[in-house]
Amino acid sequence: MAKRVLMTGNEALGEGAIRGGCDCYFGYPITPQNELTAYMARHMPDHDRTFIQSESEIAAINMVFGASVAGARSMTSSSSPGVSLKQEGMSYLAGCCLPALIVNVMRAGPGLGDITPSQADYFQATRGGGHGDYRTVVLTPATVQEMHDFAAEAFDIADRYRNPVMILTDGRLGQMMEPLTLWDKEAAPPAKPWALTGAAKRIKRTIRSYYAGRVPENNARIQATLRKIEQNEVRFETYMMDDADIMLVAFGTAARLCRGAVDCVRADGIRAGLLRPQTVWPFPHEAIAGYCDQLKTVLTVEMNAGQMVEDVRLAVEGRTPVRFYGTIGGDVPSVADVVEQIRLLTTGSES
Amino acid sequence: MAKRVLMTGNEALGEGAIRGGCDCYFGYPITPQNELTAYMARHMPDHDRTFIQSESEIAAINMVFGASVAGARSMTSSSSPGVSLKQEGMSYLAGCCLPALIVNVMRAGPGLGDITPSQADYFQATRGGGHGDYRTVVLTPATVQEMHDFAAEAFDIADRYRNPVMILTDGRLGQMMEPLTLWDKEAAPPAKPWALTGAAKRIKRTIRSYYAGRVPENNARIQATLRKIEQNEVRFETYMMDDADIMLVAFGTAARLCRGAVDCVRADGIRAGLLRPQTVWPFPHEAIAGYCDQLKTVLTVEMNAGQMVEDVRLAVEGRTPVRFYGTIGGDVPSVADVVEQIRLLTTGSES
Amino acid sequence: MSEIALYTRPQSLEDVSMHYCPGCGHGIVHKLIAELMDEMDLRDKTVAVAPVGCSVIAYEYWDVDCTEAAHGRAPAVATGIKRFRPDAFVLVYQGDGDLASIGIAETIYAANRGENFTTIFINNTIYGMTGGQMAPTTLPGQVTTTSPTGRDVATMGYPIRMCEIYDTLEAPSFIARTMLDSPGGIRKTKTLIRKAFEAQVAGQGFSVVEILSPCPTYMRMDPIQAMKHIKDKVSEYFPVKIFRDRTAE
Amino acid sequence: MSEIALYTRPQSLEDVSMHYCPGCGHGIVHKLIAELMDEMDLRDKTVAVAPVGCSVIAYEYWDVDCTEAAHGRAPAVATGIKRFRPDAFVLVYQGDGDLASIGIAETIYAANRGENFTTIFINNTIYGMTGGQMAPTTLPGQVTTTSPTGRDVATMGYPIRMCEIYDTLEAPSFIARTMLDSPGGIRKTKTLIRKAFEAQVAGQGFSVVEILSPCPTYMRMDPIQAMKHIKDKVSEYFPVKIFRDRTAE
Amino acid sequence: MAKATKNSTRARTFRIKIHKDFCKGCMLCVEYCPKDCLAVTTDRLNAKGMPFTECVHPADCVGCRACTTVCPDAVIELFEITDEDTDG
Amino acid sequence: MAKATKNSTRARTFRIKIHKDFCKGCMLCVEYCPKDCLAVTTDRLNAKGMPFTECVHPADCVGCRACTTVCPDAVIELFEITDEDTDG
Amino acid sequence: MSHHEVIFSGSGGQGLMFLGKVLAKLALDAYEHVTFFPSYGAEVRGGTSNCQVILSATPIASPVVEHASAMVLMNQPSVDRFLPQLPAEGMAFVNSSLASAEGDNVVLVPASDIALELGDVRAANVTIFGTFLSQVPIIDKAVALAGIQAVSKRKGDKAVEINTRAFERGLEFLTAAAK
Amino acid sequence: MSHHEVIFSGSGGQGLMFLGKVLAKLALDAYEHVTFFPSYGAEVRGGTSNCQVILSATPIASPVVEHASAMVLMNQPSVDRFLPQLPAEGMAFVNSSLASAEGDNVVLVPASDIALELGDVRAANVTIFGTFLSQVPIIDKAVALAGIQAVSKRKGDKAVEINTRAFERGLEFLTAAAK
Ligand SMILES: Cc1ncc(C[n+]2csc(CCOP(=O)(O)OP(=O)(O)O)c2C)c(N)n1
Ligand SMILES: Cc1ncc(C[n+]2csc(CCOP(=O)(O)OP(=O)(O)O)c2C)c(N)n1
Ligand code: SF4
Ligand code: SF4
Ligand code: SF4
Ligand code: SF4
Ligand code: SF4
Ligand code: SF4
Ligand SMILES: [Mg+2]
Ligand SMILES: [Mg+2]
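Chains as they are written, first to last, in numbering that gives the first Met the number 0: chain A, 0 to 350; chain B, 0 to 350; chain C, 0 to 248; chain D, 0 to 248; chain E, 0 to 87; chain F, 0 to 87; chain G, 0 to 178; chain H, 0 to 178.
Be aware that a few hints might be false.
Unchecked claim - From chain C, some residues computed to sit far from chain F (all C-beta separations above 10 Å): (1) T7; (2) P9; (3) S16; (4) L41; (5) P182; (6) V200; (7) K230; (8) P238; (9) I241; (10) E248.
Unchecked claim - Below, computed lysine-lysine pairings styled on DSSO-like, alpha-carbon distance capped at 27 Å: (11) K140(H) to K2(A); (12) K240(D) to K230(D); (13) K2(B) to K157(G); (14) K152(G) to K2(B); (15) K34(F) to K187(C); (16) K16(E) to K187(D); (17) K16(F) to K47(F); (18) K227(C) to K34(F); (19) K34(E) to K187(D); (20) K152(H) to K2(A).
I should point out that these hints are in silico values taken from the structure, not numbers from a laboratory.
Cβ coordinates follow ideal geometry from the N, Cα and C atoms, glycine included.
Input sequences plus hints: build the corresponding full structure.
See the structure below:
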């Protein structure tokens with residue numbers, strides 16, 4: 000096994016992005032992702048790459064847009080209120096078919112809320128918080144290793160489809176340290192025959208989402224790409240699902256807790272299992288649907304008031320009861336809390 | 000019948016807001032809602048009320064926030080890209096439990112897109128495009144009369160629940176003229192014992208979404224309000240549903256077209272009906288579910304790539320096949336297009 | 000025998016301990032504002048707007064009506080308040096990240112419209128709340144977590160001088176920069192805040208006082224050094240002066 | 000017998016009719032830019048950024064690589080482009096609503112960082128594209144759809160003078176205001192744009208030319224009157240001059 | 000390359016070429032031509048459906064370039080007619 | 000209301016009152032007291048767990064208010080002790 | 000007939016929006032449902048502009064005309080764009096001063112010439128509107144004239160006079176021509 | 000035992016984060032799974048700060064300690080906050096120079112006093128860490144010492160020396176006390 004190092008999730012993500020070939024990072028301070036910005040401030044210059052602390056989140060996402068236009072692998076990171084400010088820019092990235100990486104280290108909202116961990120930006124991330132028909136590929140790491148790996152891979156996905164990719168995580172994963180093995184592949188960005196480089200020896204190129212009278216065409220092109228992504232990029236992991244009759248569905252921090260809870264209740268003979276989406280868009284609808292026959296219940300666990308549970312319901316379509324357990328406003332359930340929920344379900348009285 | 004006047008949807012909306020007691024309007028130009036801003040510029044000063052053309056959409060939503068803090072009935076309007084910029088501010092309004100009216104006269108996205116009519120901001124409007132767990136009441140007028148009436152009523156709803164309300168419409172409804180009867184009730188804003196007025200003769204008040212360690216409490220309060228809204232404020236209209244075995248679900252401009260299509264196919268003996276949500280959050284889940292038994296198919300028609308259809312599926316939960324017909328990027332279906340879709344469904348070959 | 004009170008804790012300051020670090024300029028300015036609220040009888044009609052920054056919970060310290068505002072948007076929020084309640088005394092309190100970076104548009108535009116409220120601008124050359132990142136006002140060469148080898152003006156730009164920008168606008172009635180470098184500087188600061196408040200009370204439109212202020216924690220100095228640093232280094236780049244004063248007119 | 004071409008349509012201008020209204024200043028400046036691209040041999044390395052405004056489809060008129068940008072954000076987009084491609088010639092074209100209202104933060108910050116690109120700023124005192132609303136630069140008293148009784152400076156503020164704001168910053172290398180008031184003014188404008196381009200080519204950092212420009216449609220005048228109005232009224236409020244010129248240094 | 004000699008006392012002759020379908024009849028060239036060489040049609044429209052400029056007094060043109068400078072649509076091109084041969 | 004007479008030649012006496020639990024031991028008052036009346040504890044902590052100011056030489060205080068002015072936490076109050084009666 | 004769909008199209012300055020609005024407004028008493036829909040978008044700056052008016056006894060699904068009962072086309076681009084969509088039972092009124100068109104249900108009216116003759120070319124719209132109403136009597140002619148006069152009043156007595164004569168010339172145009 | 004959950008808590012300057020990170024880092028070879036979790040949020044400015052380290056053979060569900068095996072508590076607020084959560088089978092190491100605590104499984108170490116005696120009060124953390132490892136040998140002592148020395152080196156030879164002695168004094172503290 001390669002040497003393991005200990006890093007915070009935020010720093011591991013930053014290092015992953017650098018190894019994934021990130022050319023330009025633009026960001027504005029906000030807790031709980033400041034370690035990521037600081038990491039990039041320290042390390043991007045070492046690699047002769049661009050780091051800018053921008054004047055605002057809006058400037059950052061539009062700098063990302065510009066760098067991407069020019070062919071760079073570019074990224075920004077922020078946390079919930081800052082990501083809300085980026086919604087127009089994200090819609091422009093999607094509308095102009097530009098690859099980019101956006102990181103949301105979620106905190107409690109709405110409003111200023113608190114800097115405590117949360118998963119309450121799920122809808123915003125998966126449904127396009129910006130205007131218009133678009134989607135962002137949304138990766139949801141659950142370990143520091145995945146923070147690192149997903150960041151490195153995100154650029155490949157973004158470039159492959161010319162579509163923005165988001166990493167959706169929270170302050171607990173961002174600020175905890177865990178061992179990880181560093182990515183050691185060579186970043187290999189594809190040629191970008193659409194990028195703006197100056198039109199020497201060729202006809203000019205234009206990057207735009209506005210085409211008088213031809214916006215439906217542009218939309219159709221985007222929709223076709225999204226269908227491809229849905230086919231190819233769904234990622235998830237299952238745990239103890241072979242004989243499970245109760246399936247937990249959870250992502251990120253909540254999924255870790257659920258895994259712990261599955262271990263606990265298995266010890267008591269409860270046949271619980273876990274399906275952990277690693278992408279929440281595209282969402283593992285089919286995988287979930289595939290388990291319906293063997294299940295008595297589905298329990299969705301989220302650190303929000305019930306968001307991903309809609310995707311679970313859309314997957315299950317009434318074939319199995321779908322229950323929800325969530326904590327709001329920055330509270331994080333303990334493993335014991337989840338265990339209790341499972342027990343309640345399996346003994347009949349439900350939450 | 001009271002005297003009817005002819006107005007554009009945008010102007011009728013503005014006049015409705017004024018009659019509903021709008022104290023302050025803040026906006027930034029964007030097509031296709033400029034007639035509304037211009038109307039307010041002309042008429043708010045007549046009533047000694049505040050009109051400001053702000054420096055940006057972000058400034059506008061935060062001015063709305065300030066006026067609401069001070070106890071005013073305040074509003075802003077914009078169109079898709081501008082509404083994306085307001086997402087942080089909307090989350091703050093919701094997090095601070097402040098009433099306000101936000102109007103989105105949707106246009107084609109993503110990105111700059113086009114100024115043609117669209118319904119592609121449905122997810123953003125209904126799922127909270129901003130960060131955190133919140134919802135906005137979303138009214139979806141289908142006539143110029145409703146543009147007017149909903150604007151007038153929106154302030155009452157917002158004040159009743161201390162929650163922002165959105166009117167979600169499009170450029171076709173905004174720019175067409177239709178006759179309407181003007182609202183003639185006296186606006187009666189409730190007392191606002193929470194508003195900031197200067198603390199003379201009382202203890203001070205604070206408006207905030209941040210409470211160190213007590214954000215979960217604040218979230219719970221918001222969630223409780225949202226449950227109340229779900230109970231009390233669902234609005235919809237049905238047409239020809241008594242004996243229908245195919246139900247169209249559509250809102251706004253698309254719903255008008257569907258109504259026309261229902262008339263057409265009824266002439267041929269096809270038993271089609273229409274359910275038209277007038278609020279898309281809260282969504283008429285129960286009403287839709289209630290029809291499932293009598294239906295062979297549900298056809299959702301939207302001017303987007305398929306957004307409200309998720310809510311319809313969540314309501315139907317697999318009991319009836321749910322089909323979708325949509326146009327993207329600013330295309331608007333004709334009545335004939337919808338008729339064709341119904342015919343395809345009823346003759347077996349589906350879209 | 001009896002006692003005459005020469006200085007007591009201001010009434011408008013809540014009787015709680017503030018969360019600021021030892022020697023933080025926010026505390027000093029909070030106190031001055033509370034003193035002026037008492038002296039000018041403003042408490043009862045004040046509506047304050049707190050920023051997002053270390054002073055985010057200023058509402059826990061002043062005994063006045065107060066609202067939160069999104070990061071940088073306090074001037075827009077104050078505009079909404081003041082337009083609806085022209086008789087209220089509206090106080091906006093902002094840090095340098097809040098006012099000069101993310102919120103630069105809102106403050107310039109409120110100033111340009113001559114909105115009749117007062118902005119107290121705490122320039123501590125750093126983002127305090129988020130842990131010491133570079134601010135728009137960070138000095139050349141100053142080390143922060145996002146300028147780890149010191150602010151390099153060639154790639155990160157120069158410190159922004161807000162008063163000089165306000166001074167290009169027609170509408171503002173009072174624009175001054177002052178510093179918390181000593182008891183004398185603090186007294187002077189209070190005089191200028193008073194003038195800014197008077198401008199608002201007289202309906203003269205936008206007034207602003209920029210206060211060069213110590214953040215011992217992220218200036219990486221003890222509180223005494225930080226105060227001296229304000230005078231020696233910070234005020235060198237940011238000249239302390241009254242840029243405009245229409246209160247006399 | 001033979002002919003010498005004294006003026007022909009610039010190569011870098013596409014051979015299509017522009018959608019601007021008769022007499023619009025955008026057309027004039029597009030042409031000047033295209034002429035300079037030809038003369039300075041810039042076409043091959045140019046990456047342009049179009050604004051949101053009447054000139055939103057500038058990319059259909061210049062024969063260069065060009066991208067869209069969200070309303071007001073062109074300077075941020077240009078920053079991203081130029082940092083990744085320092086050898087590109089980056090041209091930002093913005094209207095007064097785009098640059099001075101919604102986008103004021105981005106332009107000030109790009110200028111302050113001394114980003115090495117050139118901004119051409121079309122100040123026509125109006126929001127053209129959206130149908131004639133008040134711009135930050137609309138003159139006092141000027142009638143627009145959102146100032147139907149004329150801009151009232153007491154509630155709507157004064158026209159913003161961007162060059163004066165840029166001039167408070169350290170980094171910009173070239174700042175000038177000029178006007179399209181006559182063939183002479185147009186020639187002068189071209190000279191200044193050339194200087195701004197030269198500043199970028201020499202790596203001197205942010206350069207900007209503000210151009211007082213006719214919008215006959217929403218100035219509610221015929222094109223000839225509009226040009227005269229620029230000289231008589233617009234330039235009275237916005238002094239035409241070179242604020243800074245480091246190209247000589 | 001041959002040049003028109005600036006200090007030639009001989010009257011110089013110029014040719015104005017108009018891309019008539021780009022013209023929008025804004026009248027700016029007409030206004031600023033010091034020699035009143037140009038006029039906008041009142042009886043005919045171009046392909047855009049707009050009146051357009053014509054050079055009605057070509058002989059009067061002094062090649063001052065006011066028209067080419069002021070035209071927002073780059074409609075007008077200007078040539079000098081010389082007796083000399085140009086090489087290429 | 001009675002006032003301490005400014006031009007009295009008699010030495011004036013002052014009392015410093017310290018809200019010790021608000022003090023953070025920042026030393027600013029100590030630094031700026033011209034008479035070195037104040038000192039911060041080195042052996043005791045207040046309820047916040049921080050060292051705090053004490054008036055160690057009360058008699059030397061000249062009532063200059065440097066300490067009350069500079070203190071970021073409004074910890075220090077200052078009173079003048081007079082022989083006269085005050086009415087209310 | 001209780002359902003009419005009318006398209007008015009021409010160049011920017013020809014006053015088509017004016018006609019559409021007048022028609023829609025005057026129809027308020029006679030029709031339960033009325034819509035007026037302006038063209039907008041990229042077309043606004045230069046080129047043609049059009050508006051569409053629908054009058055109906057039943058709710059109007061789309062304000063965009065799908066089956067025109069009549070068209071008023073004031074210039075060639077308008078003819079080129081809309082005439083092909085004219086249903087067999089519809090009628091088109093074409094300003095023959097500026098455009099040419101053919102067809103059984105096409106009425107040619109030299110509206111600009113007539114208006115010029117009356118002293119103001121801008122009255123071409125009112126002229127052709129007269130002819131239109133003479134053939135497609137969807138609102139009362141007297142009401143229409145009164146309405147046009149009321150709106151013209153803002154522009155002064157002279158405008159009222161010219162528009163009145165233009166409307167009457169238009170109304171009589173076909174009868175006069177037939178004579 | 001293959002699962003350990005440790006809480007380190009004290010005031011800002013007491014070097015608790017340092018201890019937690021050293022432990023987590025040194026445990027990398029011996030444990031497949033390791034988490035280190037700092038407290039953050041409102042607590043950061045003043046007051047207590049804490050970090051939590053979990054070492055395990057199996058995946059760690061939550062980096063937040065639910066069943067502490069051990070606690071190192073450096074001041075009174077830390078004792079007040081965490082000691083009540085100590086399970087019966089856990090052990091707490093309390094800096095008795097600054098805090099008092101009682102209980103069967105509480106070990107009192109006058110760490111600040113010892114460190115002061117050694118010449119630098121800041122070595123209190125390393126001192127108590129020694130005692131902790133003497134009782135809860137979750138990582139090898141020699142490895143721990145070497146690790147501390149390596150990190151101390153950045154602060155100079157003097158720091159290495161003091162920390163070495165502090166660690167040893169801590170390690171021996173209970174045996175010495177028992178004597
Ligand atoms: C939209 C948004 N972006 C970023 C933040 C994070 N944030 C909180 S305070 C702050 C900066 C504070 O700096 P300053 O205004 O100088 O105040 P100080 O703490 O120095 O007093 C930032 C960036 C936020 N809360 N919201
Ligand atoms: C976020 C956003 N807000 C508003 C608009 C609408 N909009 C388009 S152009 C424009 C202003 C154009 O004015 P200016 O920049 O002065 O350019 P001009 O048309 O005068 O050349 C506005 C407000 C938009 N497209 N996006
Ligand atoms: S970090 Fe700086 S500004 Fe914030 S409270 Fe501490 S000293 Fe004050
Ligand atoms: S509206 Fe004004 S700026 Fe826009 S194209 Fe027309 S004249 Fe030019
Ligand atoms: S070149 Fe001069 S003289 Fe000749 S047509 Fe043009 S403006 Fe007139
Ligand atoms: S200036 Fe150009 S567009 Fe205008 S009339 Fe003359 S040739 Fe035509
Ligand atoms: S009042 Fe002056 S002399 Fe007295 S303690 Fe305070 S600083 Fe010292
Ligand atoms: S200045 Fe105030 S907080 Fe600082 S040591 Fe003195 S009394 Fe304490
Ligand atoms: Mg600061
Ligand atoms: Mg403009």
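Practice task
Over 10 Å to the closest beta carbon of chain F is the bar; see if P182(C) clears it.
Solution key: 4 Å, violated
Handout entry: Given pair status - K2(B), K152(G), alpha carbons within 27 Å
Key = 23 Å, holds
Practice task
Please confirm whether T7(C) is truly not at the interface, meaning its C-beta sits more than 10 Å away from all C-beta atoms of chain F.
Solution key: Since the minimum Cβ distance to chain F is about 5 Å, T7(C) lies within 10 Å and the statement is violated.
Problem - Exclusion check [L41(C) not at the chain F interface, CB over 10 Å] - result: Holds, because the least Cβ-Cβ distance between L41(C) and chain F comes to about 18 Å, which exceeds 10 Å.
Practice task
Could you let me know if the closest chain F CB is still more than 10 Å away from the CB of P9(C)?
Solution key: 7 Å, violated
Handout entry: Pairwise hint evaluation, K187(D) against K34(E), where the allowed Cα distance is 27 Å at most
Key = 22 Å, holds
Exercise for the section: Quick one: work out the minimum CB distance from K230(C) to chain F and report holds if it exceeds 10 Å, violated otherwise. Expected result: 13 Å, holds
Practice task
Just double-check I241(C) for me: nearest Cβ-Cβ distance to chain F has to come out over 10 Å.
Solution key: The claim stands: I241(C) keeps its Cβ more than 10 Å from every Cβ of chain F (closest is about 21 Å).
Practice task
Mind checking the alpha carbons of K240(D) and K230(D) for me, to see if they're no more than 27 Å apart?
Solution key: 13 Å, holds
Handout entry: P238(C) non-interfacial with respect to chain F [C-beta, more than 10 Å]
Key = 23 Å, holds
Practice task
Take a quick look at E248(C) and tell me if its Cβ sits farther than 10 Å from every Cβ on chain F, holds or violated.
Solution key: 30 Å, holds
Exercise for the section: Could you grab the alpha-carbon distance between K16(E) and K187(D) and see if it respects the 27 Å cut-off? Expected result: Within the cut-off at roughly 24 Å; holds.
In summary, the numbered hints that this structure violates are 1, 2, 3, 5 and 13.
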